[in-house]
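Q: Top to bottom, those sequences are chains A and B.
Each residue of the first sequence is one higher than the one before, starting from 1 at the first, in this note's numbering.
Each residue of the second sequence is one higher than the one before, starting from 160 at the first, in this note's numbering.
Possibly wrong hints are sitting among the right ones.
Where chain B lies over chain A, by a calculated footprint (3+ residues, C-beta under 8 angstroms) [to be verified]:
#1 19-32
#2 46-52
#3 57-66
#4 79-85
Negatives, chain A to chain B, calculated, CB over 10 angstroms [what the hints assert, rightly or not]:
#5 R4
#6 P36
#7 Y39
#8 V43
#9 V93
#10 I103
#11 W125
#12 V131
#13 A132
#14 L133
#15 T139
#16 L141
#17 L150
#18 G158
These are computed hints drawn from the structure, not numbers from a lab.
The model shown is predicted, which means the values in this text are computed figures rather than measured ones.
Even glycine gets a Cβ: it sits at the ideal position worked out from N, Cα and C.
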Amino acid sequence: MLGRDGIAGLVCLALSLFGLALTRGLPAPSMLPVGPGFYPRIVLTLMAGLSAILVVSDVIAGRRGTRAVVARPAVQPNYRLVAATFAIFAAYVALLPPLGFRIATFLFVAVLQVVLEPPRGSRRWALVLAVALATTWLTYLAFERYLSVLLPRGTWTGM
Amino acid sequence: MEVLYEHLFASILGILHLKYLVPLLLGTIAGVIGGALPGITITMTIIMVLPFTFGLDPLQGLAAMTGVYVGGSAGGSITASLIGIPGTPSAVATTFDGFPMTRKGEPGRAVWVGVWAAFLGGALGGLFLIAATGPLASIALKFGPWEYFSLFVFALSMVAGLVGTSLTKGLLSGAIGLVITVIGADPILGVPRLTMGSDFLQGGFPFLPVLIGIFAFAQLMSDIEKLRAGRSGGAGGPPPSLKVSQLKVLWEILSRPFLLLWSTWIGILIGVLPAIGGSAANVMAYDQAKKFSRRPEKFGTGIPEGIIASESSNNANVAGSLVTIMAFGIPGDAVTAVMLGAMTIHGIQPGPLFISQHPAIAYGIYAAYLVALPLMVLTIAAGARAWMRVISVPKSILVPVVLVLCVIGAFALNNIMDDVYVLLIFGVVGYAMVKIGIPLAPLILGLILGDQIEVNLIRAIANDPNPWLFITHPISGGLLGASVLSVILALWQHRRAKRRGAIAEEEDIDF
């Protein structure tokens with residue numbers, strides 16, 4: 001039975017072997033003594049070797065019963081909140097091109113605040129909207145207007 | 160030598176005129192703010208300041224840029240210490256001890272040890288380099304691809320000292336960093352590698368979005384885990400104070416003269432050599448500090464040594480980069496590359512003749528650098544209340560705002576959404592690595608050095624395929640030997656720490 005390190009090693013081993021397989025399609029050297037696959041093969045072999053060592057060490061530690069026990073945190077981590085944050089950020093990134101920076105950023109900042117700390121009372125709701133508006137307006141003003149950084153334009157909204 | 164210091168003294172008096180002092184101060188303020196904001200790098204800040212300098216005379220413009228460089232290098236450490244996200248890549252190692260120190264309830268000490276270490280490292284670096292530009296440059300000029308390859312391998316061998324509890328996982332992390340750099344077009348012929356025909360992967364993964372993604376998400380998501388689960392880092396309770404006894408902090412640094420001088424020396428050396436930059440200097444200095452320490456196991460727990468090493472080398476690195484660009488016309492990093500462009504716009508060609516042809520500007524830059532250091536300290540002292548607000552803001556507000564800045568930082572590099580997608584991908588990767596227990600710092604070092612290792616390896620082989628040249632070239636051989644020693648030393652330290660851990664465990668059982 002593999003532990004956390006063993007599984008991580010196995011994933012890395014699979015990825016490095018897949019990468020090594022991909023280098024087989026690279027062209028042979030023409031002008032130089034070594035081709036474009038020379039260096040990737042070295043680093044992928046290194047990664048595969050280290051991944052294999054990690055898997056083997058984990059198996060041996062499992063058999064000997066010396067596998068490092070991951071200490072249980074004092075407070076149970078809130079993984080649902082982490083998953084929700086990743087999902088909202090992914091939605092923000094996906095909506096940036098169609099909605100544009102200003103609308104997408106306003107929605108993102110407002111929604112993420114609500115998810116991270118649900119507002120109780122009208123004052124808190126007002127703060128959520130104020131922070132979303134201020135973040136959007138100030139970043140837009142600073143970067144687009146004064147610092148000449150062109151922020152994403154919305155293909156649906158035109159702004 | 161006497162003439163040199165006379166020129167320097169006259170230039171310092173010159174730079175104190177309002178005509179130069181105002182752009183220098185504004186540049187320093189912009190640098191501190193840009194450096195402190197996660198996702199906004201010094202490079203980005205200096206690019207933003209560049210258009211404002213076109214209307215100024217050359218020295219005014221270069222003074223402003225020097226201010227950005229110095230201010231940004233120290234500013235990056237503020238967020239690294241207060242919220243655990245390096246404001247710039249050159250403050251990565253500052254997070255290792257700065258943030259744990261803040262978590263232990265000493266944010267003021269964490270910030271000010273960093274600021275004063277940056278000041279002292281920068282001042283020592285500046286003074287030393289003004290005197291020793293010629294000899295150092297002549298060493299760097301002797302470097303060929305063999306030496307550069309070995310130097311980068313030496314830098315990479317430092318990952319062995321940054322591995323935490325598992326040497327294998329640390330080395331694997333470094334290898335993953337190297338593998339990321341081979342995805343995309345090969346640097347010599349432009350042949351796409353490991354792209355599986357995808358246009359998105361064609362250009363490879365740009366360094367900054369990867370760095371921002373890995374560090375920002377690893378940190379922010381770890382904080383979010385604790386929200387609504389009993390610990391809500393942020394608004395609860397009175398905001399911690401940044402007030403500390405400045406004399407006590409200064410003594411903390413000055414009572415470790417070897418650490419300060421050695422870290423400064425590493426920063427200078429890395430700065431003088433092109434293409435490595437502050438992002439590697441701070442990690443290397445941190446690694447060296449850990450190796451020479453009598454209590455290496457304490458590193459990463461919030462001790463001043465880690466912050467002193469990282470910040471002094473980081474700012475000494477700025478001095479090294481400035482000398483390289485002035486003496487050879489070679490930009491030491493992306494920031495000095497922008498400065499090179501600004502000089503060219505003003506009709507100044509940096510290179511071996513620069514100091515003799517434009518002494519007023521050359522010494523003016525040195526003077527601006529030295530004056531920018533106290534200005535940086537004053538700027539940070541004046542803005543201390545603002546920095547406190549950064550960590551007093553509730554996480555539910557801070558997280559969305561930081562993520563928006565990260566998106567802007569990634570997007571503004573090339574004005575393409577692909578870089579934002581890279582940010583998201585490596586955000587997931589960074590968080591996954593934290594949860595698996597794979598350290599992030601070796602990956603970043605692999606990522607910084609991977610391209611340069613490959614380019615110099617291929618150049619060396621193209622010059623002469625004889626592999627023994629890497630060893631028979633004295634500098635190259637010496638650096639490779641140092642790499643082996645570095646790994647052996649790390650292994651020894653690792654075993655010693657494990658043995659001590661085992662003894663401690665036994666003692667716990669006995670008592």
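Q: Evaluate each hint against the coordinates.
A: Results of checking the hints against the structure:
no.: 1; hint: 19-32; result: holds (count 7)
no.: 2; hint: 46-52; result: holds (count 4)
no.: 3; hint: 57-66; result: violated (count 1)
no.: 4; hint: 79-85; result: holds (count 4)
no.: 5; hint: R4; result: violated (6 angstroms)
no.: 6; hint: P36; result: violated (4 angstroms)
no.: 7; hint: Y39; result: violated (4 angstroms)
no.: 8; hint: V43; result: violated (4 angstroms)
no.: 9; hint: V93; result: violated (5 angstroms)
no.: 10; hint: I103; result: holds (13 angstroms)
no.: 11; hint: W125; result: holds (13 angstroms)
no.: 12; hint: V131; result: violated (5 angstroms)
no.: 13; hint: A132; result: violated (8 angstroms)
no.: 14; hint: L133; result: holds (12 angstroms)
no.: 15; hint: T139; result: violated (6 angstroms)
no.: 16; hint: L141; result: holds (12 angstroms)
no.: 17; hint: L150; result: violated (6 angstroms)
no.: 18; hint: G158; result: holds (17 angstroms)
The earlier numbered hints that this structure contradicts are 3, 5, 6, 7, 8, 9, 12, 13, 15 and 17.
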